[in-house]
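Going down the list, the sequences are from chains G and A.
With the working numbering, letter number 163 in the first sequence gets 1133, and the count goes up by one each step, no holes.
With the working numbering, letter number 56 in the second sequence gets 459, and the count goes up by one each step, no holes.
Just so you know, these hints were derived from the structure itself, not from any lab.
In this text, a Cβ means the ideal position worked out from N, Cα and C, and glycines have one as well.
Hints are supplied without guarantee of correctness; some may be wrong.
Computed footprint of chain A on chain G; a stretch qualifies when at least three of its residues, placed anywhere within it, have a C-beta under 8 Å from a C-beta of chain A [stated by the list, open to error]:
(1) 1034-1040
(2) 1057-1064
(3) 1092-1102
(4) 1112-1118
(5) 1137-1151
(6) 1177-1190
Taking lysine to aspartate or glutamate pairs in the EDC-like style, the calculated list, with each CA pair at most 20 Å apart, reads [claimed, not checked]:
(7) Lys1132(G) - Glu666(A)
(8) Lys599(A) - Glu584(A)
(9) Lys1132(G) - Glu671(A)
What follows is the residue order along each chain.
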Amino acid sequence: MSSKQLTVQSQLEKFPSVLPKFIIGLLSFVVFYILATITISFKGINERGLLIAINAFKGLFNPSVKIITDLGQYGLLQMLFETLAIAFLGTIIGLVFAIPLAFLASRNMFPKGINNICLTLISVIRAFPSFMLGIMFVKSIGPGAFAGVLSMAIGSIGMLSKLIIEVIEDLNPGIAEALDAAGCSTFEKIRYGLIPQLSSNIISIVLYRLDINVKNATILGIVQAGGIGAQLMFAIGARRWPDAGAMLLGVIFMTVVLEYFSTKIRTRLAGQKG
Amino acid sequence: MIDDILHIFFPRTYTLGNGKVVKEKFNWAPYITIAVIVFSILCAIATKVDIPRLIQRSNAFWDLIREMIPPNWSFWRDLQKPMIDTIVMSVLGTVVGCLIALPTSFYLSSNFELNNVYLVGHRGLLSLLRTLPTLVYAQLLSIVIGTGTLAGTVSISIFTYTICVKMLYEQIETVDMGPYEALQSTGASRAKCMIKAIYPQIRGYFWATVLYCFETNVRSAAILGYVGAGGIGVQINEQLTWRRYGNTGLMVLVLVITVVIIETISRELRKKLVQG
Chain G
971 MSSKQLTVQS QLEKFPSVLP KFIIGLLSFV VFYILATITI SFKGINERGL LIAINAFKGL
1031 FNPSVKIITD LGQYGLLQML FETLAIAFLG TIIGLVFAIP LAFLASRNMF PKGINNICLT
1091 LISVIRAFPS FMLGIMFVKS IGPGAFAGVL SMAIGSIGML SKLIIEVIED LNPGIAEALD
1151 AAGCSTFEKI RYGLIPQLSS NIISIVLYRL DINVKNATIL GIVQAGGIGA QLMFAIGARR
1211 WPDAGAMLLG VIFMTVVLEY FSTKIRTRLA GQKG
Chain A
404 MIDDILHIFF PRTYTLGNGK VVKEKFNWAP YITIAVIVFS ILCAIATKVD IPRLIQRSNA
464 FWDLIREMIP PNWSFWRDLQ KPMIDTIVMS VLGTVVGCLI ALPTSFYLSS NFELNNVYLV
524 GHRGLLSLLR TLPTLVYAQL LSIVIGTGTL AGTVSISIFT YTICVKMLYE QIETVDMGPY
584 EALQSTGASR AKCMIKAIYP QIRGYFWATV LYCFETNVRS AAILGYVGAG GIGVQINEQL
644 TWRRYGNTGL MVLVLVITVV IIETISRELR KKLVQG
């Protein structure tokens, strides 16, 4: 019995002291506190703010029926469809550009010089803030959903091609060799060797990006690049809470439904592969 | 020729010599392709895609870029404060959001067999909140608690909380429950078991998640100024309205460099964290 107690005791003593961790924690707290006092000024919630919050809550849970049933240009359905259309078209156009770029940037397809040029291009596109693209397109081709589509397309190229490169570099070269040995033409090699290996992965990447783009499309409106964002922000800014509530519900509903289906399809595709 | 095209949609059937009928495997791909094309055309109509206008106005786009280069370097003095604001907002928002998310995610994982109603309710609420971008929270909060960096920080932490919790509880559900049960059998409380048996298993993943959230937040924090929630967005909005493209060019450059630096550091750190 006594020997057992001794081992527990010795184990406890072997346990490292928590003091250094505690000091690190305290120091980081102090650093963050100083950072907070430099930038953040809190003037306190005044009575008006509280009143606004209560009104906002009431409005958000009583969405206006008028805007939901309105089928016109500023009706909820049309705005949601425009948002979805921007995201969908942006993703598709982005994919059209991303696939050749990804092939050019994969090590097993093209020489190293071309790879590096394409990889640099991709990382520049990725780092460029997408709302800046939106602003630039709005300034040059005029406000509207078309500017949104273009900025979304260019914004998607970076991530899409980066993920597609990984898929291409994972390709199994044996399959192409086997088709070669069977005497297949180039077209047949692409049709039966390349596409079946790539398609399910690329579809799940595209669905993933579509999810992200639908979320991004709601904020494009703030730079007048179409979608529900502009109306939503106006409604909140003008404190038309029932309208804002209806639009928020619309956005939430659309995103949740899309996310549900895209996750479902993606799990099925992943299951097929393994 | 027409026959070949028809067979893309309707699989061929062959009759073998012994009278057996063999059917080609049915393929959904052509139908899906056509559906995607039709939907794209619908979307193009809805978004008023106008290729001639794009070609005609593409000069304006390049002109805009040409006006941004060279950037107006003297503007850097006015840019420092909002840039630091943007980064601090995202740092604080990330830290607060992730620190609240860590304990919550334990209580939202299904492998501890806690209260199911609470679990489903809280998860459902979070998946609804997760659909809203940071900008919407910032707009709401800047009206309720006043414009400024506080609204931005709070909205970033709300958004971080919603995504961080999900990533963490998905990870917690995959951990090895052996140490947890062993500790429970010694009579330790549930919270102690979670800290001592589960947290060490997800520690690396947790910090990787924090870094990932920080990366996304720096990107989204830049635009928050548009709704008056502090940071560089306020400046971008002003300078664009006054058509000072040289200043805008500098801001874009600074933003891109910041994002690249933060991404590189975070990617290297995450690699190390996930490995061990």
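So, going through the hints one by one against the coordinates:
| no. | hint | in the structure |
| --- | --- | --- |
| 1 | 1034-1040 | violated (count 0) |
| 2 | 1057-1064 | holds (count 3) |
| 3 | 1092-1102 | holds (count 7) |
| 4 | 1112-1118 | holds (count 5) |
| 5 | 1137-1151 | violated (count 0) |
| 6 | 1177-1190 | holds (count 4) |
| 7 | Lys1132(G) - Glu666(A) | holds (14 Å) |
| 8 | Lys599(A) - Glu584(A) | holds (11 Å) |
| 9 | Lys1132(G) - Glu671(A) | holds (17 Å) |
Comparing the model with each numbered hint stated earlier shows that hints 1, 5 do not hold.
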